[in-house]
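J.: First residue of the sequence shown? That's 1 in my numbering, and the numbers climb one at a time after it.
It is worth saying that the hints were derived from the structure and are not from the lab.
There's no promise every hint is true.
Claimed, not checked - Only pairs whose alpha carbons sit at most 30 Å apart, straight line, appear in this in silico DSSO-like list of lysine-lysine:
1. Lys48 to Lys6
2. Lys73 to Lys36
3. Lys6 to Lys36
4. Lys25 to Lys36
5. Lys25 to Lys12
6. Lys25 to Lys82
7. Lys11 to Lys73
8. Lys36 to Lys48
9. Lys11 to Lys82
10. Lys48 to Lys11
11. Lys36 to Lys12
12. Lys82 to Lys36
13. Lys12 to Lys48
14. Lys82 to Lys6
15. Lys12 to Lys82
16. Lys12 to Lys73
17. Lys48 to Lys25
18. Lys25 to Lys6
19. Lys25 to Lys73
20. Lys48 to Lys82
21. Lys11 to Lys36
22. Lys48 to Lys73
23. Lys11 to Lys25
24. Lys6 to Lys73
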Amino acid sequence: MTDIIKENFLKKAVIYDNIWLYFIKTAIAVVYDCEKNGIAITAIEAFKLTGEGIQPSQEHSVFFNPGEDNWIKAIDFLSNIKDTSYLYEIWYEGY
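Working from the sequences, and respecting the hints, build out all of it.
T.: So this is what it looks like as structure tokens:
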């Protein structure tokens, strides 16, 4: 099965060991693309790039209830980020 989101954002993703990470503006575009294609968002996980690899941050991540239209919640979350030192993995149906 083709992953339209990965196809659309291949050149804008930072890929580490099959984890697709996005800068905030790109992450917002990914969420809008998911909404346009009717693809549910289930979580947004924050990662910091370090000299050792990537470091997850539960504190800067959000998890949504399955079965809900979480696009607006995801956009709100990403739009209100103050610490821009993280990249974000967007969990969506089929990811």
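J.: A separate judgement is required for each hint: does it hold in the structure or not?
T.: We went through each hint and held it up to the structure:
1. Lys48 to Lys6: Within the cut-off at roughly 21 Å; holds.
2. Lys73 to Lys36: holds, 15 Å
3. Lys6 to Lys36: Roughly 14 Å between the alpha carbons, so the hint for Lys6 and Lys36 holds.
4. Lys25 to Lys36: Judged against 30 Å, a Cα distance of about 17 Å means the pair holds.
5. Lys25 to Lys12: With Cα atoms ~10 Å apart, Lys25 and Lys12 stay inside 30 Å; holds.
6. Lys25 to Lys82: holds, 13 Å
7. Lys11 to Lys73: With a Cα-Cα distance of about 26 Å, the restraint between Lys11 and Lys73 holds, given a limit of 30 Å.
8. Lys36 to Lys48: holds, 28 Å
9. Lys11 to Lys82: holds, 25 Å
10. Lys48 to Lys11: holds, 20 Å
11. Lys36 to Lys12: Roughly 18 Å between the alpha carbons, so the hint for Lys36 and Lys12 holds.
12. Lys82 to Lys36: holds, 26 Å
13. Lys12 to Lys48: Given that 30 Å is the threshold and the Cα spacing comes to 17 Å, the pair holds.
14. Lys82 to Lys6: holds, 26 Å
15. Lys12 to Lys82: holds, 21 Å
16. Lys12 to Lys73: Roughly 22 Å between the alpha carbons, so the hint for Lys12 and Lys73 holds.
17. Lys48 to Lys25: holds, 16 Å
18. Lys25 to Lys6: It holds: about 16 Å lies between the C-alpha atoms, which stays within 30 Å.
19. Lys25 to Lys73: holds, 15 Å
20. Lys48 to Lys82: holds, 14 Å
21. Lys11 to Lys36: holds, 20 Å
22. Lys48 to Lys73: The hint holds at about 22 Å.
23. Lys11 to Lys25: holds, 14 Å
24. Lys6 to Lys73: holds, 21 Å
Hint compliance for this structure: no hint is broken.
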